[in-house]
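Hey, can you work out the whole structure from these sequences and the hints?
From first to last, the protein sequence lines stand for chains A and B.
Using our numbering, read the first sequence as starting at 3 and increasing by one per residue.
Using our numbering, read the second sequence as starting at 44 and increasing by one per residue.
Keep in mind that the hints are not guaranteed to be accurate.
[As the list claims (entries may be wrong)] Simulated pairs of lysine-lysine, PhoX-like, Cα-Cα distance not exceeding 25 angstroms:
id	chain 1	residue 1	chain 2	residue 2
1	A	Lys309	A	Lys387
2	B	Lys202	B	Lys461
3	B	Lys202	A	Lys56
4	A	Lys161	A	Lys340
5	A	Lys309	A	Lys340
6	B	Lys455	A	Lys329
7	B	Lys455	B	Lys480
8	A	Lys387	B	Lys480
9	B	Lys461	B	Lys480
10	A	Lys390	B	Lys480
11	A	Lys329	B	Lys177
12	A	Lys390	A	Lys340
13	A	Lys156	A	Lys428
14	B	Lys176	A	Lys428
15	A	Lys390	A	Lys347
16	A	Lys340	A	Lys156
17	B	Lys480	A	Lys430
18	A	Lys428	A	Lys387
Everything labelled a hint here was simulated from the structure, so no lab data went into it.
Note that the structure is predicted; figures quoted are calculated from it, not measured.
Given next are the chains, with one letter for each unit.
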Amino acid sequence: MADTDEAAIHLPSHDSAAHIDTDLSDETQDFRMLSNLSFLADTSQATLPKRGEKDFEPNPTLYQADVLDASRQAMHNALAHPRLHNPKNQIVGIYAPDGPAPPRSLATPKTLDTIAENDTPAQTADAEESQSKKPSGTGTNVHPDSCVYVTNPKGQFFKNMGRADRWGRIWLLPEEALYMLERGSLDVRWPWSATGCEDGCETDNSGIPMSLQAAYACFIGHGGLTVDRFSVYSGLRRLGYTLTRALGWYDEAEEEVENPESAKKQGPGLAGIYGRFMDWLHSSNTTAVGPVAGLGIHRNYNDIYRKLSIIPFYDPTAPLSQAPQTKPPFRVVFYVYKPSTPFRKSAPPAPDFRVAVVNARTQTSVPTLAQLGTLLESTPLDPPKGEKMERMLYMRLRHGYRNVILAVVDQGVVSYLRVADAAFGKEKLYNRPAPSGNKRGANPRNPRPKPKGR
Amino acid sequence: MTSQLNPMSSPTSETAAAAATSESTNKNVSQGRPGRFSRPNYRQIHRFPLPLSVHPLPPLIPHNPLSIVSVLLSYLTYLIAPPHHDVYFAYFDPETSSVHVTDAKAIRALWEMGFFGKGNLSRSEPSWLEREKKRRGLLGGVTSEEVTRQRRTERRELKLERARMEKIAIEQRLIAEAAAREAGDTSIDQSALPPSADGATNSIPPPTEKFSLRKAREAKLSGSQRSVVQTEGTDTPDGPDVSPSNGSKTVRFSPVVQAKEFVSDSTVVPALDSAVNEHGMEDEPSLSNEEHLQLSNEEAFFLVYGLGALQIVDSKRNAVLSPPSLLSRFCQHSYCPPRDHSANLEPDDPFMISYTVYHHFRSLGWVVRSGVKFGVDYLLYNRGPVFSHAEFAVVVIPSFEHPYWSETEERKAHCARKQARSWWWLHCVNRVQAQVKKSLVVCYVEVPPPVFGETGIPLEDIGALLARYTVREMLIRRWVPNRTRD
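As structure tokens, then:
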């Protein structure tokens, strides 16, 4: 099923809007649609498959039995379709268990020095930083956790994967290599050093291909890659997203706060002073035993509500007192970019989503306020913007001021939860005009099918 | 009974939906059903958001001296004859740990101004008397419960109709297949196999394959003569599969079960009604309201402490309970079984936490009602349940961040027990809310350490106690990567 989805993405006509809201994982499939996919070279007239209608119960008609047979046959055909690798498109990567290193033929002490410097953990992630440090190096931005290099990079994958070094080789991170290997786009070879060293050799390539099992054994656990993280990575990758490692990947790393908001300390201002004066005017000593609303004559309901607001609430826009100290697993591990976001490896834009990966079997309980709060505070402020948000209260509340995505991995099954800091306290509902009397018209959401069980 | 699942919220939309469907689709079915009844003017009935009366000052226009006079005049009238301040009475029932309002005027006021409480014999609005009168034929109009029942009956009929249509389609196909088999045994494979594994899979499916509810409605429009044919069709003994007694799934296809359903709808209920009507004529003078309004403890405390619109008496001593004594009583009753009267207030009493959240959302203008029917703590209505569906469903989780709570191992374990929720719980709640089109709000309440004598906060100062809690709302919803890809 994953293959169908994937193939659908990479078909040229994937921008047909109909595909967007069909969640293939949600239903059992009518596999007859598979036989409509053209796996062959004729991609010009490829269209997205449409799904048939679903029968809910068996009935004794031959028709149903035939439909079922046809569906099974289609699935069988799809699975039995030979998957060919064109030798022209073959990408060969070589496993480098010790991390990035210069080519053996150039392994002079001088270059080794530069590489060693390259390996210092100080410049773990940031490419620009390392480039600014070493302006002479053209390819010094290789990630130190990279463990596979490709000498003949071609194809679309390298648009958003891997880092090139100064010798024209592209270094892949373990998750990138494993993902490409899994989908058959990469052929990883063992190096000579791992198979029995022969010193006279010009290249590392021993010519012995690495099996998928060996790749899992070698790459999982290499540089902080866990199975949970890899399943999130490959799942989102297959859907077309671009993923990069975030700063919270390393457990010990100090996460830099992405938004050093200059805590703009300014005076209360005229409005603030007036507000305080009004607060003082309205504040009465009735909160001790009540009634909070006061005993006197009430002039309007907004005053009553203002008096009633005695419960402090968290304000997400307030400047943070100190940098949040996130603890694993509640820290951002991946930056995720939508397929439509223009992505450049050298200068990645601001991510569309930030994902934290949680193993539901080791962290069995829902995060506490401290865990979730620091996780949210480590993301930049993203207040609701735009005319639509201004107008729609519910949408504004649902968007929230900060947001992060939790990928809860429960034995391989990933459920994504979007957590947003809602700040209801900043939206005084009583200040808004009353909704129109009719229940149908009152709903500010777009018209939806009538929900069940209200 | 499934009607319990339907909360108090939606008399209007259900009315509208029921009326629309009944008018537009099946005129021939809706015998005896009243048409669109005039909906009460909810904007007028519920024009006050809280059970407090406000007296706005006349507008002050600086360059118009007359306006100053009118302002002064209004002050003067308030001074001479201060407006009457309505205070309602309720009593606390320790056996059920709940607060009851029995005065009819108070019940109407608390419901209409702020949607407090629930009728103990109704779904939400205390409408038992009206329903009872209606049932005895004393009153016209339709109550919301009846509208819901009507809509359910109608939907069930439509589903049965759909099942019947599907069944007919299957029978026709069976007949056709049998005929094909008769015609030539060898040619079945070619003739009766419209779908092929590699061929036209995107071809339009035969129109008789599926029936939506809409199609069923359309089919109902097409006259009664076909239903006669259908009933004949279903009466004929056909395949071996339609025996009614093979398990629970037969509801959709078995004609016998359908017949039963219709019997129960058409004959039993009127018989019961007529019997009641005969009795009703005799009982008519003695019909008194058996229903009372039941307030949750949070609602009651908000009315007493927050608004001062309610006074609660102990059912035994007939003494009015002051807000501090009420608070300690509610806190004791937030445990099961209730703690004894000597127990001290603790900052993590369930009542303190839930009341903090209740007061917080009420003070922002939301109408907060219990969300127990959706597996959450509260539902938030904009203005009120008769105006809009609840958009937000709130679950409350306490949080123990203060260093006091992690000082000893015992406290740590205690806090961990109180704030731990499993992922499965969260997924369950989240999926339920998605199903009913609500947004899940996880409301964390930061619990302060206990008050000691030296901190200078008197235990009687409820406002100071409440101000030590902090509320933080997180909106959690499922993220479907397939849908955010664009």
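Results of checking the hints against the structure:
{"no.": "1", "hint": "Lys309(A) - Lys387(A)", "verdict": "violated, 30 angstroms"}
{"no.": "2", "hint": "Lys202(B) - Lys461(B)", "verdict": "violated, 45 angstroms"}
{"no.": "3", "hint": "Lys202(B) - Lys56(A)", "verdict": "holds, 17 angstroms"}
{"no.": "4", "hint": "Lys161(A) - Lys340(A)", "verdict": "holds, 14 angstroms"}
{"no.": "5", "hint": "Lys309(A) - Lys340(A)", "verdict": "violated, 46 angstroms"}
{"no.": "6", "hint": "Lys455(B) - Lys329(A)", "verdict": "holds, 19 angstroms"}
{"no.": "7", "hint": "Lys455(B) - Lys480(B)", "verdict": "violated, 37 angstroms"}
{"no.": "8", "hint": "Lys387(A) - Lys480(B)", "verdict": "holds, 24 angstroms"}
{"no.": "9", "hint": "Lys461(B) - Lys480(B)", "verdict": "violated, 29 angstroms"}
{"no.": "10", "hint": "Lys390(A) - Lys480(B)", "verdict": "holds, 20 angstroms"}
{"no.": "11", "hint": "Lys329(A) - Lys177(B)", "verdict": "violated, 62 angstroms"}
{"no.": "12", "hint": "Lys390(A) - Lys340(A)", "verdict": "holds, 22 angstroms"}
{"no.": "13", "hint": "Lys156(A) - Lys428(A)", "verdict": "violated, 52 angstroms"}
{"no.": "14", "hint": "Lys176(B) - Lys428(A)", "verdict": "violated, 46 angstroms"}
{"no.": "15", "hint": "Lys390(A) - Lys347(A)", "verdict": "violated, 33 angstroms"}
{"no.": "16", "hint": "Lys340(A) - Lys156(A)", "verdict": "holds, 22 angstroms"}
{"no.": "17", "hint": "Lys480(B) - Lys430(A)", "verdict": "holds, 23 angstroms"}
{"no.": "18", "hint": "Lys428(A) - Lys387(A)", "verdict": "holds, 15 angstroms"}
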